[in-house]
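**Q** Going down the list, the sequences are from chains A and C.
Numbering that gives the first Met the number 0 puts the first residue of the first sequence at 0, with every later residue one more than the last.
Numbering that gives the first Met the number 0 puts the first residue of the second sequence at 0, with every later residue one more than the last.
Keep in mind the hints are simulated off the structure, nothing from the lab.
Hints are not guaranteed to be accurate.
Identical chains blur together in the list; that is why a pair holds if it fits in one copy or across any two.
As the list claims (entries may be wrong) - Using 27 Å as the maximum straight-line C-alpha spacing, the simulated DSS-like pairs for lysine-lysine come out as follows:
hint : residue 1 : residue 2
1    : K234      : K246
2    : K113      : K246
3    : K201      : K180
4    : K247      : K234
5    : K140      : K180
6    : K111      : K246
7    : K111      : K180
8    : K118      : K201
9    : K113      : K201
10   : K66       : K247
11   : K180      : K246
12   : K247      : K113
13   : K219      : K97
14   : K247      : K111
2 protein chains.
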Amino acid sequence: MIKTVIIGFGNVGFHLAKACKLANEIDLLQIYNRSEVEANEQKEIGVEFISNFKLLKKADVYIVSVKDDVVANVVQQIPFANKIVAHTSGSLQLLNTKQNDAVFYPLQTFSKNKLLNYKTIPICLEANQKKTFTTLEKMAKSISPNVYSISTEQRQELHLSAVFVCNFVNHLYVIGEEICKQHQIPFEILEALIEETANKIKTLSPVEAQTGPALRHDQKTITRHLTQLEKTNFKDIYQQLTNSIAKKHGTKL
Amino acid sequence: MIKTVIIGFGNVGFHLAKACKLANEIDLLQIYNRSEVEANEQKEIGVEFISNFKLLKKADVYIVSVKDDVVANVVQQIPFANKIVAHTSGSLQLLNTKQNDAVFYPLQTFSKNKLLNYKTIPICLEANQKKTFTTLEKMAKSISPNVYSISTEQRQELHLSAVFVCNFVNHLYVIGEEICKQHQIPFEILEALIEETANKIKTLSPVEAQTGPALRHDQKTITRHLTQLEKTNFKDIYQQLTNSIAKKHGTKL
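When you get a sec, could you build the whole thing from the sequences and use the hints?
**A** Written out as structure tokens, the structure is:
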């Protein structure tokens with residue numbers, strides 16, 4: 000069993016802790032969090048929680064899941080040397096410390112109040128040593144079969160892609176919901192469409208899957224939509240994405 | 000059985016034809032299309048195809064699934080009076096012709112080369128007569144249990160929402176795929192994330208489901224992403240959607 004400590008109990012730390020508890024190869028010893036974690040969350044994970052680095056146990060692997068701008072500082076607080084220390088950031092480079100530096104980047108959208116099936120999560124690994132990589136690979140594979148060796152540069156591009164296909168997509172759901180609310184339409188009517196839109200690109204490429212007024216060169220509908228959006232904040236977004244679709248697909252608008 | 004003719008064999012007509020063939024209450028008599036339909040597609044549906052309005056059979060319901068700007072003209076070609084004539088447009092008003100005018104709007108993204116489960120598709124109905132509505136409701140319910148009475152104004156807003164949550168979302172997938180391709184990253188790595196992003200809003204509202212740098216007030220990552228996008232067409236879209244998320248969630252950027 001790989002003795003593991005998680006440092007940071009935000010959305011990612013929370014789900015990694017749950018995933019580690021389920022994994023056969025991982026012995027989750029402790030979770031460190033800067034502030035005290037609520038009792039019900041502590042109970043949900045069922046492991047020792049600490050808020051003081053002096054109480055940190057010796058482990059094989061420390062997963063550092065804190066905000067990007069404090070990762071380097073947090074790693075310095077680990078009072079042991081030559082340990083595997085992996086951050087979970089999509090953006091940060093591989094660190095260069097006295098530890099065996101690594102990256103353990105689970106590519107998913109994490110919210111504490113949303114259950115996840117960890118077996119489908121892609122885990123992207125990077126390490127400065129083969130031995131470190133092998134240990135992390137064993138660990139990752141006991142969570143999910145989808146484990147990838149990804150360089151810092153690739154990870155940064157993956158993270159950027161993820162912002163488009165997840166964070167920005169979700170914001171478009173927010174806009175769709177707001178339009179529905181303003182016109183007393185239940186947002187649930189759009190659920191099947193949202194599901195199919197995501198599902199479609201498993202069998203078609205996104206370029207093949209494109210539909211809609213911008214693709215069809217349907218200027219009348221586009222003009223009507225822009226009029227409908229007149230008093231909202233979303234008109235510019237509509238215009239810009241419509242132009243981008245037209246440009247990509249060579250549609251004249 | 001409700002005798003039905005479909006006029007127009009684009010993406011929507013194709014899938015409606017398949018759905019009608021599966022429905023117990025619907026007798027699909029014919030499909031009209033302006034140009035001749037390929038033999039393999041004719042065979043897939045297994046019904047008479049015509050390209051001449053003179054060959055149109057008498058039916059209870061004509062579903063008109065053609066481009067918005069030719070709908071009115073096509074309806075005039077129907078050589079029978081007092082029939083139920085329903086268009087499938089998300090944008091057009093209820094027509095006002097010598098027929099029993101109606102709308103039969105299936106809210107989904109349709110591509111011919113993508114199989115669909117018709118039982119999950121919401122069907123939005125509108126009619127100028129109660130009797131017409133009742134017939135269409137019977138028809139729609141034999142395709143899917145999700146049948147709604149939706150006014151023209153609501154339908155136009157639904158269609159606008161659908162552009163955001165489907166057409167624009169798919170374009171963000173296109174962008175995500177392009178970034179991956181440029182950096183030799185298999186787009187499949189993002190599949191679980193895309194699926195979870197769509198799935199998440201079944202249990203959380205889209206506002207609660209939001210994650211990412213714009214929400215976290217993570218200016219460093221945003222700046223890095225904009226640099227990564229420097230030579231692409233996607234920088235403006237990134238900037239605009241990031242600003243919109245920040246505005247919506249009251250994040251200071």
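**Q** Confirm or reject each hint.
**A** Against the structure, the hints come out as follows:
Taking identical chains as interchangeable, the C-alpha atoms of K234 and K246 lie at most 27 Å apart whether they share a chain (18 Å) or sit on different chains (15 Å). Proximity of K113 to K246 under the C-alpha cut-off of 27 Å is restricted to the inter-copy arrangement: shortest distance 24 Å between copies versus 37 Å within a copy. Taking CA atoms no more than 27 Å apart as the test, K201 paired with K180 passes between copies only; the shortest distance there is 16 Å, against 31 Å inside one copy. In this assembly of identical chains, K247 and K234 lie within 27 Å of each other by CA distance both inside one copy and across copies; the values are 20 Å within and 15 Å between.
In this assembly of identical chains, K140 and K180 lie within 27 Å of each other by CA distance solely across copies; the values are 26 Å between and 43 Å within a copy. In the homo-oligomer, the alpha carbons of K111 and K246 lie at most 27 Å apart only across protomers (23 Å), although the nearest pairing inside one protomer, at 39 Å, exceeds that limit. Only within a single protomer do K111 and K180 lie at most 27 Å apart by alpha-carbon distance; the minimum there is 26 Å, versus 32 Å between protomers. When the C-alpha separation of K118 and K201 is checked against a cutoff of 27 Å, the pair qualifies both within a copy, at 18 Å, and between copies, at 20 Å.
Within a single copy, K113 and K201 get their C-alpha atoms as close as 23 Å, and across copies as close as 10 Å, so both meet the 27 Å cut-off. For the homomeric pair K66 and K247, the shortest alpha-carbon distance between copies (22 Å) is at most 27 Å, but the shortest distance inside one copy (36 Å) is not. Taking the shortest Cα distances, K180 and K246 sit within 27 Å of each other only across copies (18 Å), while inside one copy they are farther apart (31 Å). In the homo-oligomer, the alpha carbons of K247 and K113 lie at most 27 Å apart only across protomers (21 Å), although the nearest pairing inside one protomer, at 35 Å, exceeds that limit.
Proximity of K219 to K97 under the C-alpha cut-off of 27 Å is restricted to the inter-copy arrangement: shortest distance 25 Å between copies versus 63 Å within a copy. In this assembly of identical chains, the alpha carbons of K247 and K111 lie at most 27 Å apart only when taken from different copies (21 Å versus 37 Å within one copy).
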